[in-house]
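Asks: Chains A, B, C, D, E, F and G supply the protein sequences, listed in that same order. Everything in the first sequence is counted per the working numbering, starting at 1 for the first residue and increasing by one. Everything in the second sequence is counted per the working numbering, starting at 1001 for the first residue and increasing by one. Everything in the third sequence is counted per the working numbering, starting at 2001 for the first residue and increasing by one. Everything in the fourth sequence is counted per the working numbering, starting at 3001 for the first residue and increasing by one. Everything in the fifth sequence is counted per the working numbering, starting at 4001 for the first residue and increasing by one. Everything in the sixth sequence is counted per the working numbering, starting at 5001 for the first residue and increasing by one. Everything in the seventh sequence is counted per the working numbering, starting at 6001 for the first residue and increasing by one.
Simulated from the structure, these hints should not be mistaken for lab results. Nothing here was measured: the structure is a model prediction, and the numbers come from that model. Note that CB positions come from ideal geometry on N, CA and C, so glycine has one too. Be aware that a few hints might be false.
[As the list claims (entries may be wrong)] Derived Cβ-Cβ restraints for the label pairs, each shown as a range:
#	chain 1	residue 1	chain 2	residue 2	range
1	D	3164	C	2057	55 to 65 angstroms
2	C	2121	B	1099	37 to 47 angstroms
3	C	2123	D	3164	52 to 62 angstroms
4	B	1113	A	182	27 to 37 angstroms
5	E	4211	D	3050	53 to 63 angstroms
6	E	4085	C	2098	33 to 43 angstroms
7	E	4211	C	2123	46 to 56 angstroms
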Amino acid sequence: MAAEMQRMPFFYNPEGRLVQVDYALQAVSRGSTTLGLKAKDFALLSSQVRPTRALLEPAEKVFVVDEHVGATGSGYIGDVNTLVDEVRVAAQRHRLVYETRIDVGTLSRVLSQHLHSFTLYAVRPFGASVILAGLDELGLQLVQVDPSGTPFRGSGFAIGQNADEALEVVRQGYRPDMTLDEALALTTRAIEGANGGSSQIEHGVVRRETGKFERLALAAAS
Amino acid sequence: MAAEMQRMPFFYNPEGRLVQVDYALQAVSRGSTTLGLKAKDFALLSSQVRPTRALLEPAEKVFVVDEHVGATGSGYIGDVNTLVDEVRVAAQRHRLVYETRIDVGTLSRVLSQHLHSFTLYAVRPFGASVILAGLDELGLQLVQVDPSGTPFRGSGFAIGQNADEALEVVRQGYRPDMTLDEALALTTRAIEGANGGSSQIEHGVVRRETGKFERLALAAAS
Amino acid sequence: MAAEMQRMPFFYNPEGRLVQVDYALQAVSRGSTTLGLKAKDFALLSSQVRPTRALLEPAEKVFVVDEHVGATGSGYIGDVNTLVDEVRVAAQRHRLVYETRIDVGTLSRVLSQHLHSFTLYAVRPFGASVILAGLDELGLQLVQVDPSGTPFRGSGFAIGQNADEALEVVRQGYRPDMTLDEALALTTRAIEGANGGSSQIEHGVVRRETGKFERLALAAAS
Amino acid sequence: MAAEMQRMPFFYNPEGRLVQVDYALQAVSRGSTTLGLKAKDFALLSSQVRPTRALLEPAEKVFVVDEHVGATGSGYIGDVNTLVDEVRVAAQRHRLVYETRIDVGTLSRVLSQHLHSFTLYAVRPFGASVILAGLDELGLQLVQVDPSGTPFRGSGFAIGQNADEALEVVRQGYRPDMTLDEALALTTRAIEGANGGSSQIEHGVVRRETGKFERLALAAAS
Amino acid sequence: MAAEMQRMPFFYNPEGRLVQVDYALQAVSRGSTTLGLKAKDFALLSSQVRPTRALLEPAEKVFVVDEHVGATGSGYIGDVNTLVDEVRVAAQRHRLVYETRIDVGTLSRVLSQHLHSFTLYAVRPFGASVILAGLDELGLQLVQVDPSGTPFRGSGFAIGQNADEALEVVRQGYRPDMTLDEALALTTRAIEGANGGSSQIEHGVVRRETGKFERLALAAAS
Amino acid sequence: MAAEMQRMPFFYNPEGRLVQVDYALQAVSRGSTTLGLKAKDFALLSSQVRPTRALLEPAEKVFVVDEHVGATGSGYIGDVNTLVDEVRVAAQRHRLVYETRIDVGTLSRVLSQHLHSFTLYAVRPFGASVILAGLDELGLQLVQVDPSGTPFRGSGFAIGQNADEALEVVRQGYRPDMTLDEALALTTRAIEGANGGSSQIEHGVVRRETGKFERLALAAAS
Amino acid sequence: MAAEMQRMPFFYNPEGRLVQVDYALQAVSRGSTTLGLKAKDFALLSSQVRPTRALLEPAEKVFVVDEHVGATGSGYIGDVNTLVDEVRVAAQRHRLVYETRIDVGTLSRVLSQHLHSFTLYAVRPFGASVILAGLDELGLQLVQVDPSGTPFRGSGFAIGQNADEALEVVRQGYRPDMTLDEALALTTRAIEGANGGSSQIEHGVVRRETGKFERLALAAAS
């Protein structure tokens, strides 16, 4: 039956499930463990940098989208990169047309619509989930968008390998008034716990105070 | 046979049924329980907010389309959002061209045609039903549109999980001259009854008096 | 074999039949019983309004296309509505270009060509038959068009569920000089007879005298 | 094997036959018996009007294409009508551009090319054969075009149900110098003989004398 | 295996053969026996006119392309006619643009490219071979083009049913200095020999002396 | 499995091979034995002219592309001809735009890109390999391009039937300073040896001295 | 199952893997062993030139993209060449528009996007990986891009046959401050070790000092 589904995978199976979207989520769940966390004064993105072989620089896992917004993602790297390009272009275009910063809600809508349209037509859905963190008129924003184009807002997200375990660690340690250092320690603990050992992790943060999204110096594996 | 149907699912099966449209309705029936109710002085939209995990904001379930019209939906969230965008754009365009508010009948026709066209060509039908509530020249309007593009008008609708049970509760408690408070209590009871327990519910209402569609403060689970 | 046919259903089977068109006719035969009747002084459209649940307004079954023409249909409701929109637009366009009323023959040709083109290409045929009633230079006109785009002219048509039984009742009671009241009684009897019980029925009529197509007040179930 | 052929039916089978064209000819052979006959002074088109039920007007079977040309056809009625529209438009366009009547050879070429192109691409061939009768500079013309786009010229043609039997009757009774009355009697006898009983028949004729194609009053069943 | 090949027939089979082109050649081999013969002073095209039934004019088998070139073909008649139209249009266009006669090499290249392009894309190859005969600056020309678009030049060609037998007769009787009468007798004998009996044959000839391609009066069956 | 591959043949099989390209190479290996040989003072193209039947002129096997470049090919003749046309047009276009001769490297790139693009999309790869020989600023050039668009440069190439055997003969007899007569004898011996008997062979040569590519008088079979 | 996957290979399998991309990687792993190595003062590209037969020039394996950037690749040669053309055109276009050298990051993004887009739509992914080496404002750059469009940055890469073995040799011998001669010896040893014998190798280098990318004289097999 699974093989049969394969043929026209952008259609429903008899249970009304979009089979290829479900498979694309499988691709995400093989990606590196990636977290988003929003506290009172900052929003933090943390993504495991998988141990690479010698002579290979770790791939960029946290991206500056615009001065006030950053992104991270998990899944097929080519898909993550393409989606990040998509929101970067949207942010630039907004600056050109309106001469203001794009708000995070509009950015996530661009991302959702792009992902959703790849579930309607005879192409494959993207095999990637993306988390956006930014500051706009409405305050600090943390949004996750999945391969079906569904957006989620919240204070804590985990995608990629062992996401559930990592999220549980975050949930238990989370306080809205935690400091950035506490948060960095928490996401590091969550990623390392989920993957059973010390990990190299890339972080990015947007602070309420400065309103800038910055990539942090890559944390060495503990 | 079901697998066979899968191949060219936007065509008829020998009984003359559009198989993919039937499957899309299955997708709707897995969505969160969502109600529309129209009384003499108001039209109310109520949608269950599924219990989410910690750190996750519940998704918006009731949408302002234009000053005088709101919408809710059930099914694939990406599909619901895309359809709500579709009617929002239609409402804006109408204001620009005619400098008046769009009437609810025209809005539901836009929605029906959009949904219907996705049943004719080699794409998938949308896996979502939408309910519109608004006030226009013809009075209070409540319309539901399903994945095949069929519109329904009435005073009470239920879509999503356990819709039949919820609708039965509404039907028994409905009076045309009920107050908004009574209606809120009724739709809450219907959603909770259908899902076997207390639920968080999002409501939106358009009142004959003000002519404005407003999202109500999210009712805490009882 | 039937499953095999499914694959490229807009093509012929070895007997030279267009399989998907035959299946689309099955969709029509599941629709609500719908009649057209033309006498000396009027043409009448009558369509069963299927018993709906509480709180649901019955769907419009008889449509004004233009001042002098009406339509009804049976089959997939989204398909019927789309086809009615198609002829309404044709009628409007004709008024704009020629500043006269469109004649019924031209209208039915528009409808036939639209339906026919969906049998030639890799899309599904419409699952709906439509009956047009109007008055033009050539007198009173009653035309039925089926999913293959074939037009029929006559004084009595039945489509939808149990169409044969309903038509037989009409045939036995028909007289060219019958009054509108007699015709209303006859189509009501035919629809109720075919469906084994009293039915709510929507009627529309174009009278030779006034030349207007009017929807009649919905007849309560007898 | 036949089912296998179904898949890409606009391609050849191993014997080099165009399978869908063969199936389309099956569709023609189920149509109503239809004849074309050319004598010294006229060309006659005669098509059986199949006994219809009460309250149904028989469909037009013989069509005026332009003042000097007529057409008839057999097979899927929607297909016949579309093809007749095609040649009517070609005749009108010719008048507009060249301010003269189109000759029958050009008309049949238009028809052949239209039919042929539907055998080359991923669409279905038309399920209809058409006979044209007209008078032009070259004299009286009688041409039949089949679903593959092949044109035939001659003095006697039969298409539709039991075409072979009907043609045999025509062949035995044919004389180049027969009168129109004799020809009408002959085609009537041929159609009735082929269908085993009296039939309603529609005739159309173009006379060398007048150069006009006229539909004759519908002959009542004998 | 053959059935499997059917699916994507414009692709190669494992032996590197274009299966649909091979099948199209089967279609040609069912056509009427058709010859081309070039001697010192003329080039002759001869095509069997298959015995037709009474009242049917034999189809034109030899075509004037331009004053100095003619064509004949075998296979699906609709395909032959379309290809002849193609070269006629090329010849006309050449006259318009260059105000000279097109040479036969250019004409055959047009034909080859047209046929070849239908072997590359998802359409069917033409089921017809064509022979061109003409006189141009380079002298008398005789070219055959087959469904794959391959051109052949020579003094004797045979296509259609029993082509090999017919060609053998031509080969044995051929002399470069034969007269037209001898050539007509030879091609007649070849066609009749191949088909086991007397045949009606259509001939066309281009003479070095006049430089005109003429269709000859149809030779009655011997 | 092979049959399965047939379905979407422009995709990879699990071993990462482009199956249709491999099949297209099979088509080339059935073509006539064809050689390219480059010595100090000339580059030679030699192609077997397969024994044809009486009355058939052998097909041109060696083509002048431009004054200074020639080509030969093996495989489907329609494919070879189309590719030769492609490079001829590129050479002409280069003269028009730059008013200089195109260099052989650019020509072979045009050919490679054309062939390569037919391996990416849903069309068939060309079933032909081509060898170009020319003189440009960089000296004498000999390039072979295969159905995948891969170019090869060298002093000796063989394509078509028994190419390996023919190439071995060339390899053993090759000297960079051989004379044209020696090279003609060598390629003749290679082609005849590979095909087990005397063959008619067409040669073309570009000489360093004249810089012109010339077709040589067709060598009679030895 | 593998055969089943073949059908719509640009979609996910149930494990969420893009099957055709995996197969394309198989094509790369059959290519010639190819290395990239970046030290303090230079970046080096080294690609095995497979032993070719006599009379065949080895194919170019290292390409100058622009004055300051070079490329090499492994996999289908037609694919490698097309990708190199793609980045060359991007570099030229950048010079025309911005009148500066393109940076390596932008070049690798062009390459990634091109490769990625061939994984989304109904075409085949490229069967090639490419390594870019260049010097720009950010210093020496070494980037590898694989068939999915994923870019990797680092100081040592190996692609093609026995890439893992070759990379291990590089890893053991690598020092950031090694000289070019040491690096040439190292990549040579790595390629020869991986392929079990002496190999001809093509090298290209960009030096920090000169900022030019140069192809080195082809190293003779040791």
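Asks: A range of 52 to 62 angstroms was offered for this pair. Does it hold for the Cβ distance of residue 2123/C and residue 3164/D?
Replies: 36 angstroms, violated
Asks: Given the hint of 33 to 43 angstroms, is the C-beta distance from residue 4085/E to residue 2098/C inside that range or not?
Replies: 37 angstroms, holds
Asks: State, for the Cβ atoms of residue 3164/D and residue 2057/C, whether the hinted interval 55 to 65 angstroms holds or is violated.
Replies: 58 angstroms, holds
Asks: Can you let me know if the beta-carbon spacing of residue 2121/C and residue 1099/B is within 37 to 47 angstroms?
Replies: 40 angstroms, holds
Asks: Does 46 to 56 angstroms hold as the CB distance between residue 4211/E and residue 2123/C, or does it fail?
Replies: Check passed, 53 angstroms falls within 46 to 56 angstroms.
Asks: Go ahead and decide if the range 53 to 63 angstroms is satisfied by the Cβ distance of residue 4211/E to residue 3050/D.
Replies: 57 angstroms, holds
Asks: If I claimed the Cβ atoms of residue 1113/B and residue 182/A lie 27 to 37 angstroms apart, would that claim hold in this structure?
Replies: Taking Cβ atoms as reference, residue 1113/B and residue 182/A lie about 53 angstroms apart, which means the hint is violated.
Violated hints, in rising order: 3 and 4; the structure is consistent with all others.
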